[in-house]
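Number of protein chains: 2
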Amino acid sequence: MKLALLHPGQMGVTIGIAAKDSGHSVSWLRAGRSHETTERATAAGFGSCGTLSDLLARSDGIVCVCPPAAAMTVAQSVVAAGFDGIYLDANAIAPHTARQIHALLGDCYVDGGIVGPPAVREGSTRLYLSGPHAITAANWFAGGLLEAITIEGAPGAASALKMCYAAYTKGTSALLLAIRALAESEGVTAPLLDEWAISQQGLADRSAQAATGTAPKAWRFAGEMEEIAATFAAADLPDGFHEGAADIYRRLTDLKGVRSPSLADVLERLNAKR
Amino acid sequence: MKLALLHPGQMGVTIGIAAKDSGHSVSWLRAGRSHETTERATAAGFGSCGTLSDLLARSDGIVCVCPPAAAMTVAQSVVAAGFDGIYLDANAIAPHTARQIHALLGDCYVDGGIVGPPAVREGSTRLYLSGPHAITAANWFAGGLLEAITIEGAPGAASALKMCYAAYTKGTSALLLAIRALAESEGVTAPLLDEWAISQQGLADRSAQAATGTAPKAWRFAGEMEEIAATFAAADLPDGFHEGAADIYRRLTDLKGVRSPSLADVLERLNAKR
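Protein sequences appear in the order of chains A and B.
Numbering-wise (our numbering), the first sequence opens with residue 28 and increments by one.
Numbering-wise (our numbering), the second sequence opens with residue 28 and increments by one.
Honestly, the hints are just simulated from the structure, not real lab data.
All C-beta atoms, glycine included, are put in the ideal place defined by N, C-alpha and C.
Just so you know, not all the hints are guaranteed correct.
To be verified - Ranges of calculated distance between the beta carbons of each label pair, as one might list FRET restraints:
no., chain 1, residue 1, chain 2, residue 2, range
1, B, Ala217, A, Ala224, 34 to 42 Å
2, A, Thr239, B, Arg85, 55 to 63 Å
3, A, Ser289, B, Gly72, 48 to 56 Å
To be verified - With a straight-line cut-off of 20 Å between C-alpha atoms, the simulated SDA-like cross-links for lysine to any residue are:
no., chain 1, residue 1, chain 2, residue 2
4, B, Lys244, B, Leu220
5, B, Lys283, B, Glu63
6, B, Lys300, A, Asp263
7, B, Lys300, A, Ala261
8, B, Lys244, B, Leu290
9, A, Lys300, B, Ala261
10, B, Lys300, B, Leu282
11, B, Lys29, B, Ser75
12, B, Lys300, B, Thr280
13, A, Lys283, A, Pro243
14, A, Lys300, B, His123
15, B, Lys283, B, Lys29
16, A, Lys47, A, Cys76
17, A, Lys300, B, Ser75
18, A, Lys283, A, Thr65
19, A, Lys300, B, Ala260
20, B, Lys300, A, Ala260
21, B, Lys244, B, Ser289
22, A, Lys47, A, Arg57
23, B, Lys300, A, Thr65
24, B, Lys283, B, Pro144
25, B, Lys283, B, Ser226
26, B, Lys300, A, Lys283
27, A, Lys29, A, Gly77
28, A, Lys47, A, Gly150
29, B, Lys283, B, Ala235
30, B, Lys244, B, Ala108
31, A, Lys300, B, Thr163
32, B, Lys244, B, Ser52
33, B, Lys244, B, Gly74
Unchecked claim - Computed list of chain B residues with no C-beta within reach of chain A, every gap over 10 Å:
no., residue
34, His62
35, Asp81
36, Ala97
37, His160
38, Gly198
39, Ala201
40, Ile206
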């Protein structure tokens, strides 16, 4: 198969490589992408195209991996260009957003949700897929490091699963950072760490790792938390947990790309007078 | 010392027993309390009083263990009755509520926060104490199953510590129940449990335990989550996590006292059309 990858970000490039390792060709759209993206795509050996219409004319299928807020726009641009092959959206979007994209694209739409880090080692990362053509899209990745798993349900199911999963992992990372900021603000960090050492072993380390690991990606997580909040609200469940998490991550956006920021860097931003 | 206990609930009775086991006498206020409270206090061998003024006239110190929403009212009633001994508030209240009670009572006020379940076995439960007379209050419990720990800081510090601690434990229990409800609503429970079994071992069990363990106490936790939300808001940090948690626990209030409700009982209430 000839696949188009929109776009080869840190996650996306490993999804493209998984397709390539499964025997498919992968091309990408050069226009408007950063220097880092160009380097990643070139290193991965993807074919480069200058315009969307050129890219779509030579592709049988599309894989979209982008920030959640851009997912609908990318889908609309593909429809506008007249593409009628299989379209896999693997973004962290609310299931009702997935259902809107389904309404736009029809049954050539495959709903996907990625669980795990960029797929650079075996067993680390799973791509969940739902919709009538889920098995077709799963075959794009049959031979790579990414494990593609089809699940029951209409388009929206894979996105719902992703939302439920990240609701806990990224939600609790944000909560831990908020708690560390509160403890600092109230002057009770030392006794909190002492108590955690007795009855909640691992939380001190997890909160420090949440700072180092999530803050550089916080600019991206804020949008994902908003999709999760909208998912809870649409199900008549409380959206506050992830509105709060989005707020925490928004306060950390200027740490984008900073290598291993410290917990102190993070707490300073969370507690900054605003 | 002659101590008054307001009131011998499930937690409070074990705090009173810890004082009694440390050589102090403990009395309680019969008026307006339930049959269950009477049974607990009688079994513990506490002295019974019919009126607040009688109780205070025979007491050198007071221990207040009550739902957070009642903490200020109890403190006011004690001030109105002219009590001037040491007053320990051990409730799950926001530090600014603790500071308000401090303003009302002056330096005879000791701020406390309990971490752990009712103190029925050694090492399970700690009472954190802050304020000028924290050491005096700690000595009330020197010989019982409850470990009293004084921490640095003015009244408010022990309450802040309790808020930070419960923010994670009770906050994540509510979040897990919300996620299970969302997964049920979206029809993705089975693949979520499969993914958790791979990458988040323990969450399936923890969410089932959260239902069984917290739902019977949810009526009480809702108020505590509101105190925590107010604590975050007062520190200019997001209150959404615990507004969400309060919402979850409020939906479960009719499970008060139900023995071991199932996860299905809980999810039915969380997802009920409202």
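**OP:** Taking the numbered hints from earlier one at a time, note which ones the structure violates and give those numbers from smallest to largest.
**Re:** 4, 15, 17, 23, 25, 26, 30, 31, 32, 33, 38, 39, 40
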